[in-house]
Amino acid sequence: METVVETAPAETSEDGVVESRRDGQNKFTLAPGDSLEGKLIYSGSVNVQGRAEGEFRVSGNFEVAAGASVKALIDGTNVTIRGDAEGTLTARDKLTLGKSGKFNGDVTVKRLQIEDGASLNGHVRMGSFEQSSSS
Amino acid sequence: MLGPRDRLIGELYIEGNLRVSGTLEGQIEATGDVDVTEAATVKASVAGREVNVSGQVNGAVVASKKLVIGRSGSVVGDVRVPRLVMQDGATLSGKVSMGPQVAASPLAISETPIEESTQAAPVSDGDGQEKQKGRRR
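Which chain is which? The protein sequence lines are P and L, in order. FYI, in the working numbering the residues of the first sequence are 1 to 135. FYI, in the working numbering the residues of the second sequence are 1 to 137.
Isolated chain L, as found in the complex:
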């Protein structure tokens, strides 16, 4: 739990659930659910099982189960999730990738959170190839 006046700049890895109401910059990853409340400003890549956004998120979002963007929520960045719910009023700008193959990717990164950005690249490449195959059909 990060309160409305709390601020974190850096990388955060959490075993379990995370609730953000403050300001967060960098990278966050949780093995459980991530809740970004209305008061929160997140400039970070976010990874978790189920991600709920009611505040502002600027960065890539990866959820292994589901992403919900509430009516006051805003996500600017690429989104990779198997399931996506967007309520009316929510904002989303970026590339959206959905499909069953997405589910496996986020927790594979978790053991070396520091190298997340470099490790994320081959994962997305593999995904891209699968998509191309899909188009050829």
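Just chain P, with the same shape it has in the complex:
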């Protein structure tokens, strides 16, 4: 498994991962060409540019970049999809489906924004998160 874990605010950046500095939050980046299979529980934000499969529970934001492919259970505060994703998705705050984003599966979110050109197939549930367990 070739993954890049950045636990400290990044000073070294090989391929433009400079953003990690913002809010001093932890950030996990899966670069293009990297792949991850399994379960990840992460305190911080995750950015997937490669291929990921499994279960991702993230306290911060989860981002699927354009060109990335994710097949997973995703749970995050803000979720942004610009690549290809399928599975079950929970965004405690907001889900953004970008122009090139594709999602197949069920979605539970508080806020939802879909840009023209994005594609979504599945059930959408919206509301506040009193009971965070999504069916």
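Treat the hints as calculated values from the structure; they're not laboratory data. Computed from a prediction, not measured in an experiment: that's the story for all the values here. Treat the hints with care, since some could be wrong.
[Stated by the list, open to error] Only part of the chain L face toward chain P is listed, based on derived beta-carbon distances under 7 Å:
{"#": "1", "residue": "Leu84"}
{"#": "2", "residue": "Val85"}
{"#": "3", "residue": "Asp88"}
{"#": "4", "residue": "Thr91"}
{"#": "5", "residue": "Leu92"}
{"#": "6", "residue": "Ser97"}
{"#": "7", "residue": "Met98"}
Don't be surprised by glycine CBs; every beta carbon is placed ideally from N, CA and C.
Assemble the complex: chain P is given as a structure, and chain L must be docked to it using the hints.
Structure of chain L alone, referenced to chain P:
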């Protein structure tokens, strides 16, 4: 055009565009664009080419071209559209089906609007099969 104090209960079929600001219950279908303004309350299935929702819609929405849900808009019901735009603040609850095969379905119903609900069933079945095929791949 249905003004803010106007109310329609029943089935409406329109050749052209429709703008709803009042209350509407039943079924609406337009060959052109359907605009549901902020003041409108629609408890109906809505079919049109391009559907814009800034008010409340309770019912299934089928658009042959595009559905736009504005920041004050709310849709509760199943949505079948080839393109979907949702602005931040908009609400949507229901099943969303998107794909190129969806585009052909709504206007096929238009000739017999009264039987829309019974005719809609085989259309969605066909779609379901296509989806299953997609999953098997």
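Next on the checklist: Could you work out which of the previously given hints the structure breaks and list their numbers from low to high?
Outcome noted: As far as the earlier hints go, not one is violated by this structure.
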